[in-house]
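Participant: Here is what each chain is made of, one letter per residue.
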Amino acid sequence: MIDFFSKNPNTRRKKLLRTTPPGPLRDFLAEPFPEKDTSLADAPILALDFETTGLDPKQDHILSIGFVKIDRMGIQLGSARHAIVQSAPDLKPDNVVLHQITDNEKNAGISLEAAMEMLLENLRGRILLAHFAHVETQFFYEACRNLYGKVPLLPVIDTLEIAIRQQMHTPGHTSAESVRLFNLRRQFELPEYAAHNALLDALSAAELFLALSYRLPKDPNTSLRKLYREAARAINPGVKPQSDYLWRFT
Amino acid sequence: MEIELKEIRDFVALIPPFDQLPTGVVSDIVSKISVQYLRDGGSLPIDGQETEQLYIVRKGILALRSSDNQLMGKLGEGDICTFFCTNNAQIEYSAEAEEDSLLYGIPCLELTDVVKDYPGIVISFIQNSAAERLKTAVDSMQENAHAASSLMYTSVVDIMASPVMTITEDTSISGAARVMTDKAVSCLVIENADGVAGMLTIKDIAKRCVAAQIPTDNPVSDIMTRDLITISSETFAYDALMIMTRESIRHLPVLENGEIKGIVTSGDLIRQEGRNSAYLTAAIKKAKSIDTLVSSSEAVPQLQLQLVNMGATADHVGKGVTAITSAISRRLIDMAMDKLGPAPVPFAWVAAGSQARREQTSHTDQDNGLILHNDVQESDMPYFAELAKFVCDGLAECGYIYCPGNVMAINPQWCQPQRVWARYFDDWMSSPKPESLMFSSIFFDLRSIYGDAALLDDIRRDMLETSQKSTLFLAHLTNNALKLKPPLGIIRDFVLIHDGKHDDTLDLKHNGLAPIVDLARIYALAEGVTPVNTIERLKQVSGSGSLSTDGGANLLDAFEFIGSLRIRHQAQQIRNGAKTDNYMSPKSLSRLEREHLKDAFKVIQSMQSSLERKFRA
Numbered sequence: 001m002i003d004f005f006s007k008n009p010n011t012r013r014k015k016l017l018r019t020t021p022p023g024p025l026r027d028f029l030a031e032p033f034p035e036k037d038t039s040l041a042d043a044p045i046l047a048l049d050f051e052t053t054g055l056d057p058k059q060d061h062i063l064s065i066g067f068v069k070i071d072r073m074g075i076q077l078g079s080a081r082h083a084i085v086q087s088a089p090d091l092k093p094d095n096v097v098l099h100q101i102t103d104n105e106k107n108a109g110i111s112l113e114a115a116m117e118m119l120l121e122n123l124r125g126r127i128l129l130a131h132f133a134h135v136e137t138q139f140f141y142e143a144c145r146n147l148y149g150k151v152p153l154l155p156v157i158d159t160l161e162i163a164i165r166q167q168m169h170t171p172g173h174t175s176a177e178s179v180r181l182f183n184l185r186r187q188f189e190l191p192e193y194a195a196h197n198a199l200l201d202a203l204s205a206a207e208l209f210l211a212l213s214y215r216l217p218k219d220p221n222t223s224l225r226k227l228y229r230e231a232a233r234a235i236n237p238g239v240k241p242q243s244d245y246l247w248r249f250t
Numbered sequence: 001m002e003i004e005l006k007e008i009r010d011f012v013a014l015i016p017p018f019d020q021l022p023t024g025v026v027s028d029i030v031s032k033i034s035v036q037y038l039r040d041g042g043s044l045p046i047d048g049q050e051t052e053q054l055y056i057v058r059k060g061i062l063a064l065r066s067s068d069n070q071l072m073g074k075l076g077e078g079d080i081c082t083f084f085c086t087n088n089a090q091i092e093y094s095a096e097a098e099e100d101s102l103l104y105g106i107p108c109l110e111l112t113d114v115v116k117d118y119p120g121i122v123i124s125f126i127q128n129s130a131a132e133r134l135k136t137a138v139d140s141m142q143e144n145a146h147a148a149s150s151l152m153y154t155s156v157v158d159i160m161a162s163p164v165m166t167i168t169e170d171t172s173i174s175g176a177a178r179v180m181t182d183k184a185v186s187c188l189v190i191e192n193a194d195g196v197a198g199m200l201t202i203k204d205i206a207k208r209c210v211a212a213q214i215p216t217d218n219p220v221s222d223i224m225t226r227d228l229i230t231i232s233s234e235t236f237a238y239d240a241l242m243i244m245t246r247e248s249i250r251h252l253p254v255l256e257n258g259e260i261k262g263i264v265t266s267g268d269l270i271r272q273e274g275r276n277s278a279y280l281t282a283a284i285k286k287a288k289s290i291d292t293l294v295s296s297s298e299a300v301p302q303l304q305l306q307l308v309n310m311g312a313t314a315d316h317v318g319k320g321v322t323a324i325t326s327a328i329s330r331r332l333i334d335m336a337m338d339k340l341g342p343a344p345v346p347f348a349w350v351a352a353g354s355q356a357r358r359e360q361t362s363h364t365d366q367d368n369g370l371i372l373h374n375d376v377q378e379s380d381m382p383y384f385a386e387l388a389k390f391v392c393d394g395l396a397e398c399g400y401i402y403c404p405g406n407v408m409a410i411n412p413q414w415c416q417p418q419r420v421w422a423r424y425f426d427d428w429m430s431s432p433k434p435e436s437l438m439f440s441s442i443f444f445d446l447r448s449i450y451g452d453a454a455l456l457d458d459i460r461r462d463m464l465e466t467s468q469k470s471t472l473f474l475a476h477l478t479n480n481a482l483k484l485k486p487p488l489g490i491i492r493d494f495v496l497i498h499d500g501k502h503d504d505t506l507d508l509k510h511n512g513l514a515p516i517v518d519l520a521r522i523y524a525l526a527e528g529v530t531p532v533n534t535i536e537r538l539k540q541v542s543g544s545g546s547l548s549t550d551g552g553a554n555l556l557d558a559f560e561f562i563g564s565l566r567i568r569h570q571a572q573q574i575r576n577g578a579k580t581d582n583y584m585s586p587k588s589l590s591r592l593e594r595e596h597l598k599d600a601f602k603v604i605q606s607m608q609s610s611l612e613r614k615f616r617a
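Just so you know, the protein sequences line up as chains P and S, in that order. Going by this note's numbering, the first residue of the first sequence is number 1, and it counts up by one from there. Going by this note's numbering, the first residue of the second sequence is number 1, and it counts up by one from there.
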């Protein structure tokens, strides 16, 4: 088994770049990822959220995407983008209620291709940040596979995993409920936003990330390498990373 | 700006000076925002971020200090920090988070560019706010200077008469009078072989010798005051005043290392600060008619105002005002007994509620009762009914309105032998009913004002023994106490009253002080401690199973702070000749005070929920 944690992401990135045809994905891979000795505070980050019709990337579709950049621990609201994605068949009634996106609005949205192009352009040289990043990464890979016939490498920070690791130090406090984005934000007394809007959820995760990172043992000056070593130690060695393509900081 | 960020734009658009800008410009400002997080104790600017920024506080608190570390103010949600956006190099400021804070930073250069079409609005705001800050700092310095002159900060050593003249206890009364005349003093300390034996004043000679026709050749030991109440040289003048008020005395010897160093007289204090409560209680004690008592009670608001002007704390004001109420009650009981003759059996006149806790402000309701000795006969009851009627009517004339809940000694239910009172408490605690819970907030705070205090002490001892074990009763009390919540919303904003009568105000009594009083009572009953005063209760129970040391310190701070706002609010009403109440508009507070008040409410919230968890578990 390949030890993904020990590999330099840029070595693997360059290898992938050689076999990727020109296009948005290649442009994305052409930009180096932050090196491992970069401090968390200096690492360029993109907080992302997808609203989807379900949890299975093979069957379900992306309804909308929202993202915002974090530079030097500042969330840049000017970089915030939100787009309705015109990719799914007719919406199921449940989703209309949950995400408040109607068929009319969805049809007024942009194509998945355009949405992914916008995302890849903004993700260049950045680490992806999401809460329970599994959903975002799996849908991201599936979209790349369908659009470009290739799955890229993706450095990821998951606020859910950081929260779980922090709560592990206070036994009995971790539960599925306690690490939900909404509950964590309440715990840190962050402002309440309307839920289930991709951009506001991305912003919510970004703010939570700031709050969590100031609680790391060495605060945001922790290097990515250190974060990753701790992640390797914290995650049981028997547990495999969720994806070969995922390079995780937690 | 993405329209999804409308929530943030709406937040910014409400804040001056941005509230005067068109929506489109506010949207442009939002696009320039960098959302930043400042950990408790961290200071601005954040590493790696632009140094010259304007900050909007979205969550949390920033404390602003000048270069000499003077606190200039605190910023809370929706406040703007312009410190880092001016070219004002003369004064250096620092901004530190007092709790984890979420900030919206806007680089000054970019802001200037965005608002260039509206220079009169944003730029002048930034420049003016610097001037405003300076003024606030000066005001707070003047306030401190004023407070420093009051009795609160004056040591008794600074105003006492010293050295004292001493004579031996076998000196004749006429000899003592000659010393007083020669040395021009009104008070002598009497010594014997063991040290200090007593004190003698000119008044004592007039009353106990001349008027009582005792020969002036007799020794001073015949007429001197023994059992002296003394104070230490570390006492503040204010506390000396409080002791004189409570004990109805006018001279207090000051002790240092066991020796009398000097004597403080009420005259010294009066000269120091003008009219005061010692003077008032003396007048009450001598009053011959209810009319005199009425005019004394009319001076209470003035006394309260004076105490506030002197810089007294809410605790001091409460004790001062309560001292007057109790003095009037005692004088009325004396008057009643002059009229009705001596009581057929011993009794205790007890005050309930705020009077018992010594936490009154001017002119509250009267809450009282009579505990009679168990030997009382049916035929004695008319005597006590008449006594109660005389006293309660007298109190009502003095402005202490009849208790709306009829908790008064004129109600036969509350004029009962000791054994009946004991049964009341047992019933309330063993089978808590809504009615008994209502009474509990009144009757679990009792203090004997007149008569045989032991009658109450017995009941209290048994009651506290039972209360510690009555978990169900304490749970009911807790439930009841949680009905009064501090007026704080989810996003750390005040929840203001909108009842058409007191619009846009906060009820400092019912939503601020009363919840703390209730908490303190529950802790006291759970721990079986005897004091009824809220501060004493909190001090005694803190560090026990019911209340942590930190929790106790926080509640004490909150109680004192809300209390101080209340007495200040009432002082302003007294100055304006208005009737006093507890409804205060947050607008009358400085930004710093608003934040303090929110902190105080937050303390109450968290202590309420921890008590709730304890008794619901």
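No wet-lab data here; the hints were simulated from the structure. Glycine is no exception: its CB is placed at the ideal position from the N, C-alpha and C atoms. Incorrect hints may have been included.
[Claimed, not checked] Between beta-carbon pairs, the in silico distance windows are:
{"#": "1", "chain 1": "S", "residue 1": "T112", "chain 2": "P", "residue 2": "A176", "range": "25 to 35 Å"}
{"#": "2", "chain 1": "P", "residue 1": "S111", "chain 2": "S", "residue 2": "S588", "range": "37 to 47 Å"}
{"#": "3", "chain 1": "S", "residue 1": "S588", "chain 2": "P", "residue 2": "A195", "range": "36 to 46 Å"}
{"#": "4", "chain 1": "S", "residue 1": "R419", "chain 2": "P", "residue 2": "A176", "range": "35 to 45 Å"}
{"#": "5", "chain 1": "S", "residue 1": "G500", "chain 2": "P", "residue 2": "A195", "range": "52 to 62 Å"}
{"#": "6", "chain 1": "P", "residue 1": "A176", "chain 2": "S", "residue 2": "D40", "range": "26 to 36 Å"}
{"#": "7", "chain 1": "S", "residue 1": "T51", "chain 2": "P", "residue 2": "S178", "range": "32 to 42 Å"}
{"#": "8", "chain 1": "S", "residue 1": "D493", "chain 2": "P", "residue 2": "A195", "range": "12 to 22 Å"}
{"#": "9", "chain 1": "P", "residue 1": "G78", "chain 2": "S", "residue 2": "S588", "range": "31 to 41 Å"}
{"#": "10", "chain 1": "S", "residue 1": "N479", "chain 2": "P", "residue 2": "S178", "range": "52 to 62 Å"}
{"#": "11", "chain 1": "S", "residue 1": "T549", "chain 2": "P", "residue 2": "H134", "range": "22 to 32 Å"}
{"#": "12", "chain 1": "S", "residue 1": "E96", "chain 2": "P", "residue 2": "H196", "range": "34 to 44 Å"}
[As the list claims (entries may be wrong)] In silico contact screen, one side only, chain S against chain P (beta carbon under 8 Å); selected entries:
{"#": "13", "residue": "E7"}
{"#": "14", "residue": "K32"}
{"#": "15", "residue": "S34"}
{"#": "16", "residue": "Q36"}
{"#": "17", "residue": "E96"}
{"#": "18", "residue": "D100"}
{"#": "19", "residue": "L102"}
{"#": "20", "residue": "N480"}
{"#": "21", "residue": "L484"}
{"#": "22", "residue": "K485"}
{"#": "23", "residue": "P487"}
{"#": "24", "residue": "L488"}
Participant: Would you mind marking each hint as holding or not holding in the structure?
Facilitator: Status of each hint after checking the structure:
1. T112/S x A176/P: 25 to 35 Å: violated, 48 Å
2. S111/P x S588/S: 37 to 47 Å: Check failed, 58 Å falls outside 37 to 47 Å.
3. S588/S x A195/P: 36 to 46 Å: holds, 38 Å
4. R419/S x A176/P: 35 to 45 Å: violated, 59 Å
5. G500/S x A195/P: 52 to 62 Å: violated, 36 Å
6. A176/P x D40/S: 26 to 36 Å: holds, 28 Å
7. T51/S x S178/P: 32 to 42 Å: holds, 38 Å
8. D493/S x A195/P: 12 to 22 Å: holds, 21 Å
9. G78/P x S588/S: 31 to 41 Å: Roughly 39 Å apart at Cβ, these two residues keep to the hinted range, so it holds.
10. N479/S x S178/P: 52 to 62 Å: The hinted range 52 to 62 Å is violated for N479/S and S178/P, with Cβ atoms some 27 Å apart.
11. T549/S x H134/P: 22 to 32 Å: violated, 45 Å
12. E96/S x H196/P: 34 to 44 Å: holds, 36 Å
13. E7: holds, 6 Å
14. K32: holds, 6 Å
15. S34: holds, 3 Å
16. Q36: holds, 5 Å
17. E96: violated, 15 Å
18. D100: Since chain P brings a Cβ to about 7 Å from D100/S, closer than 8 Å, the hint holds.
19. L102: With a closest approach of 6 Å, the L102/S hint holds.
20. N480: At 28 Å from the nearest chain P Cβ, N480/S fails the 8 Å test, so the hint is violated.
21. L484: Hint on L484/S: violated, closest Cβ of chain P at ~24 Å, above 8 Å.
22. K485: Not OK, violated: K485/S not within 8 Å of chain P, min 19 Å.
23. P487: Check failed: Cβ of P487/S comes no nearer than 19 Å to chain P, outside 8 Å.
24. L488: Violated - the Cβ of L488/S stays beyond 8 Å from chain P, reaching only about 13 Å at its closest.
Of the numbered hints listed earlier, those contradicted by the structure are 1, 2, 4, 5, 10, 11, 17, 20, 21, 22, 23 and 24.
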